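The hints should help you fit chain B onto chain A, whose structure is shown.
Keeping their order, the protein sequence lines are chains A and B.
Residue numbering for the first sequence follows this note's numbering, beginning at 1 and increasing consecutively.
Residue numbering for the second sequence follows this note's numbering, beginning at 339 and increasing consecutively.
Think of the hints as simulated: they come from the structure by calculation, not from any bench.
Note that the structure is predicted; figures quoted are calculated from it, not measured.
Some hints here could point you the wrong way.
Claimed, not checked - Derived lysine to any residue pairs resembling SDA-like cross-links, with alpha carbons at most 20 angstroms apart:
#  : chain 1 : residue 1 : chain 2 : residue 2
1  : A       : K31       : A       : K74
2  : A       : K111      : A       : L121
3  : A       : K34       : A       : N15
4  : A       : K44       : B       : G606
5  : B       : K602      : A       : E264
6  : A       : K258      : B       : R605
7  : B       : K602      : A       : K174
8  : A       : K258      : B       : D352
9  : A       : K44       : A       : S240
10 : A       : K174      : A       : S240
11 : A       : K267      : B       : G606
12 : A       : K64       : A       : Q101
13 : A       : K267      : B       : L594
14 : A       : K267      : B       : Q407
15 : A       : K23       : B       : H492
16 : A       : K267      : B       : T527
17 : B       : K402      : B       : D352
18 : A       : K23       : B       : L494
19 : A       : K134      : A       : M150
20 : A       : K258      : B       : A523
21 : A       : K174      : A       : P9
22 : A       : K64       : A       : V83
23 : A       : K44       : A       : K23
As the list claims (entries may be wrong) - To give an idea of the chain B side of the interface with chain A (calculated C-beta under 7 angstroms), a few residues:
#  : residue
24 : S382
25 : G555
26 : L593
27 : C596
To be verified - Chain A stretches covered by chain B per the calculated footprint, using a threshold of three residues with CB under 8 angstroms from any CB of chain B:
#  : stretch
28 : 216–224
29 : 260–267
Glycine included, C-beta positions come from ideal geometry on N, C-alpha and C.
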Amino acid sequence: MSNPDTNQPVLELRNVSKTYTVKQGMFGKPKPLKAINDVSLSLKRGEVLGLVGESGCGKSTLAKILLGLEDPTKGEVRVDGEVIGATDRRTLARRIQPIFQDPYSSLNPRKSIEDIISLPLRVHHIGDSNSQDKAVREILDIVGLPQRVMRTYPSQMSGGQRQRVAIARALIMKPEIVICDEPTSALDVSVQSQILNLLNDLRAEFNLTYLFISHDLAVVEHLATRVAVMYLGRIVEESSVGGLFDTSGHPYTQALLKSVLTPEAGKGVPDTELGMEYPNPIAPPSGCHFHPRCPMAMTHCAEIAPRPVPTPEGHVECHLFDTENGYNTGAPLVREAV
Amino acid sequence: MNSPLLRVKDLTIDIPVGGGTLNAVRGIDFDLNRGETLCIVGESGSGKSLTSLALMGLLGGRIKRTATQMEFDGIDLTKANNKTMRALRGDRMAMIFQEPMTSLNPAFTIGNQLMEALLLHRNVGKDAARARAVELLEKVGITAAESRLSQYPHQLSGGLRQRVMIAMALMCEPELIIADEPTTALDVTIQAQILRLLVDLGREMNMAMILITHDLGVVARVADKVAVMYAGELVETGSAEQVFNAPMHPYTRGLLRCIPQPGKTERGARLGTIPGIVPNLVGGVTGCPFRTRCDHAVAACRDAIPHRKPAENHRFRCVHETGHQTAETAV
Chain A
1 MSNPDTNQPV LELRNVSKTY TVKQGMFGKP KPLKAINDVS LSLKRGEVLG LVGESGCGKS
61 TLAKILLGLE DPTKGEVRVD GEVIGATDRR TLARRIQPIF QDPYSSLNPR KSIEDIISLP
121 LRVHHIGDSN SQDKAVREIL DIVGLPQRVM RTYPSQMSGG QRQRVAIARA LIMKPEIVIC
181 DEPTSALDVS VQSQILNLLN DLRAEFNLTY LFISHDLAVV EHLATRVAVM YLGRIVEESS
241 VGGLFDTSGH PYTQALLKSV LTPEAGKGVP DTELGMEYPN PIAPPSGCHF HPRCPMAMTH
301 CAEIAPRPVP TPEGHVECHL FDTENGYNTG APLVREAV
Chain B
339 MNSPLLRVKD LTIDIPVGGG TLNAVRGIDF DLNRGETLCI VGESGSGKSL TSLALMGLLG
399 GRIKRTATQM EFDGIDLTKA NNKTMRALRG DRMAMIFQEP MTSLNPAFTI GNQLMEALLL
459 HRNVGKDAAR ARAVELLEKV GITAAESRLS QYPHQLSGGL RQRVMIAMAL MCEPELIIAD
519 EPTTALDVTI QAQILRLLVD LGREMNMAMI LITHDLGVVA RVADKVAVMY AGELVETGSA
579 EQVFNAPMHP YTRGLLRCIP QPGKTERGAR LGTIPGIVPN LVGGVTGCPF RTRCDHAVAA
639 CRDAIPHRKP AENHRFRCVH ETGHQTAETA V
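Extracted from the complex, chain A is given alone in its bound form (with noise of 0.2 angstroms):
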């Protein structure tokens, strides 16, 4: 199943679209939502990408298609050089699982530990009762779990034990790669850490890939080895983690890693100097979607969409870096007073 080559990207998104179509009131005319718009990624085997921007710019749906749970509108996702739309869901979740943000809910607190670990094994009929069961008991230990939760139920475990149990779900199925949907924003710091050490523990011990969706830019740089920046829909900037957080680039990465709050005392709030509020995604600004809050805006800037420019580990979507067409200079953009 798993290919040798190592340079054969796991993961593949060419191109993805997707679009939503959205009716404002009763007899709004309906509008078009580009919830992503023509992203493309690809991801090697053992690599982590960190996937960060505000809410509302397209992370989540990126991850639904990856799982198979929505269809691109447009492009096409490949596994290990396969396109996803071909093979069915049911060999689609062999190969990718997920860890969700809230261990709350996106567990049944009907059924035992031990159901809802062994539930994909039944769904996807892997062995008998026996093998099944001696399944859970291995990837218990695996995750750090006491044998005697396979009897209890959600509602008696903490946070970060009921996280475990999701990431246990996840394993079962030997999958290749894994989207982490937030998986530690629900938690306390101090059980947010365990399980940040027990992700990096299973991804050397599996050689797996992740898809490392998070708002936290301190946890992203600790255990993504690429990051992409999303920013309505679009990918504005990809890199190594050290090309992305020693020399920064695009300025929405700039203002986005200004706004991390280290621990360190007395060095004050940091002005992001991004202004006004994330736009409307059903009304996207011309030119480049970031303009109105770009500190370093131009004036052709509201007016032609920048092109991704490569990057010695990456690319960035910004005219500053597009030395080519010229667009890198120009005159400032005068904003009207708000």
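Chain B only, in chain A's frame:
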């Protein structure tokens, strides 16, 4: 003015539960001066929200609150009746809650909800209240303030709603603001903006602020004073510099090791952990509540725990004189 605006001594909160009494908060002390920001930081269930509700007199009837002293600008809150508390709340002390979606009333306009406190507490007409509402909406950075007054909460984004909540709390120019996780539900970029706004307004109006959060980054950037809460006790208090640069209590140091710190923590390295779980607070709690999870626990941790004072205004509770700080740095 020399006496603090708020003085709390030995605040205890007991909640009757099925099998006994939950000792949710056990004997905490703190002072707050005008213009100062106190951050109470702790994990879920540590009692930080209960503490803020106790100050506002908003605990449910079954919950028992005792304190040897709880004074707000000379008013004894332990003896205050409902009428006194109602007169204080929304006027001289105000609260900002975490979830702006659920704490604004969806059936009333923004203007209506903003003006309510002023009309209730002050002898002003509707026009004056309206003008004040517009003034404050502008102050918290909301554009087209006049037209926002007739909008309903669902028409605003999360960041705007939280700004409205802040404006609402400021309507009567309170002397004390209690903000319970005011930015937890917001995006990081909006979080920074809202925190800046709170800090700037607090300074401008010389307000005292109690900020309750679980986010150590927020605490470090905003606080004058920090109180670290664990299982119903303040285990360490001090200035932000003291607590973050020279943390003494093993719990405080443990928390700081748990979070990845850009530039300090090596990428992909193992993060520190605090093993075990928070103790059950039902029934008598004796000794140090952290001893079950502490690397330095000894037999004496079961007995009374001394208060230690390593520096002016810096206090912590631990049987070890230095909180075993030296033992860890040596490793």
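**Asked** Would the pair K44 of chain A and K23 of chain A pass a check requiring their Cα atoms to be no farther apart than 20 angstroms?
**Response** violated, 39 angstroms
**Asked** Under the criterion of a CB-CB separation shorter than 7 angstroms, is G555 of chain B in contact with chain A as hinted?
**Response** holds, 3 angstroms
**Request:** Mind checking the alpha carbons of K23 of chain A and H492 of chain B for me, to see if they're no more than 20 angstroms apart?
**Result:** holds, 16 angstroms
**Asked** Is K64 of chain A within 20 angstroms of V83 of chain A, Cα to Cα?
**Response** holds, 16 angstroms
**Request:** Quickly compare the C-alpha distance for K267 of chain A and Q407 of chain B to 20 angstroms and report which way the hint goes.
**Result:** Judged against 20 angstroms, a Cα distance of about 34 angstroms means the pair is violated.
**Item:** Restraint status (C-alpha distance of K64 of chain A to Q101 of chain A at most 20 angstroms)
**Value:** holds, 14 angstroms
**Prompt:** Can the restraint linking K44 of chain A and S240 of chain A be considered satisfied, given a maximum Cα separation of 20 angstroms?
**Reply:** holds, 12 angstroms
**Asked** Given C596 of chain B was flagged as interface, is its beta-carbon under 7 angstroms from a beta-carbon of chain A?
**Response** holds, 4 angstroms
**Message:** Run the distance test for K258 of chain A versus A523 of chain B: straight-line Cα separation, threshold 20 angstroms.
**Reply:** holds, 19 angstroms
**Message:** Next pair to validate is K174 of chain A with S240 of chain A; report whether the Cα-Cα distance is within 20 angstroms.
**Reply:** violated, 27 angstroms
**Prompt:** Per the coverage rule (Cβ-Cβ under 8 angstroms, at least three residues), is the stretch 216–224 of chain A covered by chain B?
**Reply:** Coverage by chain B holds here, the residue count being 7 at a Cβ distance below 8 angstroms.
**Straight-line alpha-carbon gap K258 of chain A to R605 of chain B, limit 20 angstroms** = holds, 19 angstroms
Hint compliance for this structure: hints 7, 8, 10, 11, 14, 23 are not met, and every other hint is.
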